[in-house]
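Protein chains in written order, with the numbering used here: chain A, 69 to 523; chain B, 69 to 523.
Calculated directly from the structure, the hints in this document are not laboratory data.
Accuracy of the hints is not assured; some may be wrong.
Intra- or inter-copy, both count: the list cannot distinguish identical chains.
[Said to hold, decoys possible] No farther apart than 25 Å at their CA atoms in a straight line, the calculated lysine to aspartate or glutamate pairs in the DMTMM-like style are these: (1) LYS381 / ASP162; (2) LYS404 / ASP335; (3) LYS305 / ASP424; (4) LYS337 / ASP235; (5) LYS275 / GLU378; (6) LYS404 / ASP472; (7) LYS239 / GLU403; (8) LYS305 / GLU271; (9) LYS305 / ASP319; (10) LYS381 / ASP235; (11) LYS337 / ASP280; (12) LYS275 / GLU205; (13) LYS275 / ASP424; (14) LYS337 / GLU310; (15) LYS147 / GLU105; (16) LYS275 / GLU351.
2 protein chains.
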Amino acid sequence: MPDQIRDFVEQNERPFLEELVQYLRIPSVSSVPGYREDVQRAAQFVADQLARIHLEHVEIVPAERHPLIYADWLHAPNKPTVLCYGHYDVQPPDPLDEWVSDPFEPEIRNDNIYARGAADNKGQMYIHLKAVETLWETAGTLPLNVKFLIEGEEEIGGASISRYLADHRQKLAADISLISDTAPYAASLPTLVTGLRGLVYAEVHAKGASHDLHSGIYGGAAPNPIFGLLELLSSMKGSNGEIAIPGMYDDVRAPSSEELHSWASLDQKALITHEMGADAVGETAYPVLHRLWARPSFDAHGIRGGFVGEGAKTVIPAQATAKCSFRLVPNQDPEKIVAAFRAFVTSNAPRGVQMDVRVLSAGRPWSVDVRSRAIQAARAALSQAFGREPALVRSGASIPIVVDIARTLGIPAVIMGFADPDDGLHAPNEKFNLRNYYTGITAVAMFLDLYSRTT
Amino acid sequence: MPDQIRDFVEQNERPFLEELVQYLRIPSVSSVPGYREDVQRAAQFVADQLARIHLEHVEIVPAERHPLIYADWLHAPNKPTVLCYGHYDVQPPDPLDEWVSDPFEPEIRNDNIYARGAADNKGQMYIHLKAVETLWETAGTLPLNVKFLIEGEEEIGGASISRYLADHRQKLAADISLISDTAPYAASLPTLVTGLRGLVYAEVHAKGASHDLHSGIYGGAAPNPIFGLLELLSSMKGSNGEIAIPGMYDDVRAPSSEELHSWASLDQKALITHEMGADAVGETAYPVLHRLWARPSFDAHGIRGGFVGEGAKTVIPAQATAKCSFRLVPNQDPEKIVAAFRAFVTSNAPRGVQMDVRVLSAGRPWSVDVRSRAIQAARAALSQAFGREPALVRSGASIPIVVDIARTLGIPAVIMGFADPDDGLHAPNEKFNLRNYYTGITAVAMFLDLYSRTT
C-alpha cells in the first residue's frame with residue numbers, strides 16, 4: 069500500500085499542481101468586502117473538488133460573513149472517522165509592491181509556488197483532498213470514514229465555526245481531527261504538534277493615595293502604586309525563574325519521554341539566538357524547549373503609571389496598571405490559576421496599595437497522547453513519506469481552533485503541518501514548497517491508511 | 069528693646085498695611101510678557117522703599133527678563149551681616165473667575181488681605197523692609213549690617229539670580245541669609261525650616277531582546293525588560309522599607325535632639341491622613357516626620373513599557389523605561405549616591421536585560437546647625453513675638469534658592485516663613501494673614517536685634 073500511494077502521487081504531480089494553481093488564482097481575501105464574490109467562488113471550488121473525489125453531503129453552509137463547507141464519506145463501518153479541518157480564506161496581499169510575482173497569479177520558482185495562501189492554508193488543506201483522492205484511486209474505496217469542515221473566516225477570527233461546532237456535535241462526531249495549518253520546526257523536517265499552551269491574560273490595577281503626591285513632601289511615607297506593582301509582580305518570580313505562586317505547578321504534567329527525546333534532538337540556535345534575538349533566560353533547571361513548551365510562564369506585557377513624558381516630574385502617582393499573562397501547560401486549569409493568582413495578589417499586596425485584578429481572557433492548554441494510535445500512525449506515516457523521523461513539538465502559542473474542536477467534540481487532534489518556516493505566511497511573497505506539497509499528500513494518505521488499520 | 073519694637077509695630081500697622089496694599093496693586097506677573105512694565109514698576113517700588121528706609125547702594129540690576137534689586141547698609145563694624153532674600157514677582161492670577169475679589173485690588177476680609185502675591189512673596193519679603201524700618205525708628209540706627217537681594221524671576225525659574233550670586237560673591241558676602249518664603253507647619257505656629265532634602269532624578273532604560281516577541285512562542289525563555297525593571301527596582305527596597313543599596317545610609321546624619329523634640333510635638337494627622345490621603349507607609353522603625361525629613365527615600369515616578377492600550381496583546385516588549393528619584397538628606401552627596409545606584413544596577417541587572425541609567429538632575433540636601441547663634445536668635449525672637457515656641461521643621465522638597473545661596477556664598481540660612489498653610493499660594497484667592505504680617509515684622513526686627521548681640 070505505501071508503494072502504491074507513493075507511485076500514484078508521483079505520477080499525478082502535474083494535475084495536483086494544476087488544481088492548486090487554479091485554487092490559488094481565486095483571491096479569497098476574507099477581511100476585505102470587495103473580495104466577497106471571490107471568497108464565494110473559492111468555497112464553490114472546494115465544494116466541487118470534494119464532490120469530484122466522491123465525498124457526499126457536500127454543503128456550502130452560510131455563515132456570518134463567508135460560508136463553511138461540509139462534506140463526508142461514511143461507508144467504512146467499524147472504522148474510525150477523521151474530521152479534516154482547513155480554511156480557504158486568505159490574508160490580504162498587501163503590500164502589493166513587495167511581491168515579485170502577482171499574489172493571485174501563482175508562479176513557480178525553485179520548486180516553490182508563490183501566491184497568497186500557498187501555504188496558509190490552501191496548499192496545506194488541499195493536501196487532505198488529494199490524499200483522499202489518492203486512496204480512492206489506489207484502493208477503489210476509503211479505508212475509514214472522513215468528514216471535512218473547511219471555513220472561510222479563519223483570517224477574521226473564526227467566530228462562525230465555533231458556533232457551528234457547538235450546534236452540530238452529532239453531525240461532526242469523529243474519532244480524531246486532522247489539521248495541517250502549521251510550520252514544521254525546521255525546513256522539510258516532518259513535524260507533529262503534540263501540545264499547545266493555554267493563556268490567562270489579566271490587568272492588575274494598583275491604587276495608592278487618593279491623588280497624585282509631591283515626592284519631596286511625601287516620599288518615604290506615601291504608598292507608591294508603581295512600586296506596589298513592581299513588588300507584587302516581582303515577588304511572583306522565584307530565584308530559579310519559576311513562578312512563586314503557591315499551587316502554580318500542582319497540575320503541571322511532565323511531557324512524555326517521547327517528546328523529551330525529540331526535543332533533545334532539535335537544534336535550538338535558530339529559534340533562540342536568531343529568531344528571539346537574545347540569549348535564553350528563565351527556569352535554568354529545564355532545557356529551553358522544555359521551558360517554552362511544557363512549563364507555565366508569566367510575562368508582563370505592558371505597564372503604565374505616573375509621568376512618562378520628557379524630563380523629570382517628581383510625582384508619586386495615585387495609580388498604575390500592568391497587563392500580564394500566564395501561559396499554561398497541560399493539565400493546568402485556567403480557573404484554578406486565576407484563583408491562585410487572585411489569592412496571591414490579595415495576600416501579597418504591598419502595604420498601602422490596593423490591587424484589583426481583571427481577567428481579560430482565559431484559554432485552556434491542549435495536548436495529545438503521543439502513545440495514542442492516531443499519533444503512532446501519524447509518526448509512522450510521516451517517517452515513511454519523508455524518510456525522516458518526525459519531530460514532536462509543542463507550540464507555546466494558542467491555536468484556538470484546535471482547542472475548540474478538541475473540547476467541543478471531545479476528540480484528540482493530529483496536527484501535521486507542511487509549511488516551511490520561511491514560507492512567509494501573512495507576508496509578501498508567500499510560498500509553498502512543492503516537495504512538501506507532494507510528500508504531504510503521500511504522508512496524509514499513508515496516515516489515513518495506517519490509522520484505519522489500528523482498529 | 070523688645071517692647072519698643074512691639075510698640076512701634078503696633079502703632080504703625082496702618083501705614084505698614086497701606087504700603088503693602090500699594091505694592092500688591094502692581095500686577096508683577098513675571099511669566100506673562102504683557103505684564104513686563106508692571107514688573108518693572110514693582111521693582112521700582114521696592115527700590116524706592118529700600119532707599120526710604122536708609123538702605124544704600126540701591127540698584128535695579130538688569131537680568132535676563134526682569135531685574136534684580138540690590139541694596140545694603142554696612143555701617144556696623146564688627147557686627148554680623150545679614151543677606152535678606154525675597155522676590156517681587158508673582159504667579160499669574162488665573163483662573164480669574166474663581167477670585168472673590170480682584171487679585172490686584174487687595175481686599176481685607178477677616179483680618180486677611182486677599183491679593184495675588186499677598187503671601188508669595190510680597191507680604192513676606194516686605195516684612196524684612198518693615199523690620200529694618202522698625203529698628204531704625206526705635207534705635208536711630210541698625211544693630212548690624214544688612215544686604216537685600218530681591219529677584220523678579222522666582223516664579224519663572226530664577227536663572228538670573230544664580231548667575232548673579234556666582235558673579236558677585238564678594239559683594240554679597242554675609243554671615244547668614246534670611247529668607248521668608250515658606251509656610252509654617254500649622255496656622256500661626258512660628259516655624260523655622262532647618263533642613264531640605266536633596267534629589268537625584270534618573271531614568272532607567274531596560275532592553276531585552278532585539279525586537280518585540282510573541283509571549284506564547286518565547287515566554288519562559290525570553291528576557292522581559294518590564295520584568296527586569298520590576299525586579300531591579302523592587303530589589304532596591306528592603307523588608308523594613310529601607311533602600312537596599314549598599315552605602316546608601318553611610319553619610320546620613322541623624323537629626324539634632326532639638327529637631328527630634330520639636331517633631332515629636334507636631335500633629336501629623338493633618339499632613340498624613342488629610343493632605344496625603346493615605347495611611348503612612350515606609351520605614352516603620354522611624355516616626356513619620358523622621359521618614360519624610362531626615363531619611364532618604366526612593367520613589368518611582370513613571371513607568372512605561374509594552375502594550376498599554378485597551379484589551380490584550382501578548383507581547384514581550386524589547387524595552388521599558390522607568391523614572392525614579394532619591395530624596396537625599398544631610399549629609400548625603402548626590403555624586404556618591406549616583407555612583408552607588410549605578411553600581412547596584414550593574415551588579416543587579418536581571419539576566420538578559422541590559423540596563424542604562426541616565427541621571428536627569430541632582431541637587432544637594434541642605435541643613436542648618438540648630439545650635440548656631442543665628443538659629444538660637446531666631447528661635448528666641450519668634451518665641452517672644454508669637455508667644456509660642458517655634459517649630460523646627462524640615463521640608464522634603466527642595467527650595468533651590470536656599471541651597472544656591474548657601475553653597476555659593478558659603479553661609480547658613482535662617483528660613484522663617486510667615487504664610488499660613490491655607491494661604492493659597494499659586495491658587496485663586498491667595499491671602500496673607502495680617503496678624504502674621506505684623507507679628508512677622510516684630511519677629512524679624514527682634515531677630516536682627518538679638519542676632520546682632522551674639523557677637
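Taking the hints in turn, this is what the structure says about them:
With identical chains, the CA atoms of LYS381 and ASP162 are at most 25 Å apart between copies only, with a shortest distance of 22 Å across copies and 43 Å within one. In this assembly of identical chains, LYS404 and ASP335 lie within 25 Å of each other by CA distance neither inside one copy nor across copies; the values are 35 Å within and 48 Å between. For the identical chains of this complex, LYS305 and ASP424 are neighbours both inside a copy (19 Å) and across copies (23 Å), given an alpha-carbon limit of 25 Å. In this homomeric assembly, LYS337 and ASP235 never come within 25 Å of each other (Cα to Cα): the closest approach is 45 Å inside a single copy and 63 Å across copies.
Both within a single protomer and between protomers do LYS275 and GLU378 lie at most 25 Å apart by alpha-carbon distance, with minima of 24 Å and 19 Å respectively. Only within a single protomer do LYS404 and ASP472 lie at most 25 Å apart by alpha-carbon distance; the minimum there is 20 Å, versus 59 Å between protomers. When the C-alpha separation of LYS239 and GLU403 is checked against a cutoff of 25 Å, the pair qualifies neither within a copy, at 30 Å, nor between copies, at 75 Å. In this assembly of identical chains, the alpha carbons of LYS305 and GLU271 lie at most 25 Å apart whether taken from the same copy (17 Å) or from different copies (24 Å).
In this assembly of identical chains, the alpha carbons of LYS305 and ASP319 lie at most 25 Å apart only when taken from the same copy (18 Å versus 33 Å across copies). Proximity of LYS381 to ASP235 under the C-alpha cut-off of 25 Å is found in neither arrangement, the shortest distances being 57 Å within a copy and 30 Å between copies. Taking the shortest Cα distances, LYS337 and ASP280 sit within 25 Å of each other only across copies (18 Å), while inside one copy they are farther apart (47 Å). In this assembly of identical chains, LYS275 and GLU205 lie within 25 Å of each other by CA distance neither inside one copy nor across copies; the values are 69 Å within and 58 Å between.
When the C-alpha separation of LYS275 and ASP424 is checked against a cutoff of 25 Å, the pair qualifies only within one copy, where the shortest distance is 8 Å, while the shortest distance between copies is 28 Å. In the homo-oligomer, the alpha carbons of LYS337 and GLU310 lie at most 25 Å apart inside one protomer (23 Å), although the nearest pairing across protomers, at 43 Å, exceeds that limit. Taking the closest pair of Cα atoms, LYS147 and GLU105 never come within 25 Å of each other, the shortest separation being 39 Å inside a single copy and 100 Å across copies. Proximity of LYS275 and GLU351 under a CA criterion of 25 Å is satisfied inter-copy only: 20 Å between copies versus 31 Å inside one chain copy.
Consistency note: the structure conflicts with the earlier hints numbered 2, 4, 7, 10, 12, 15.
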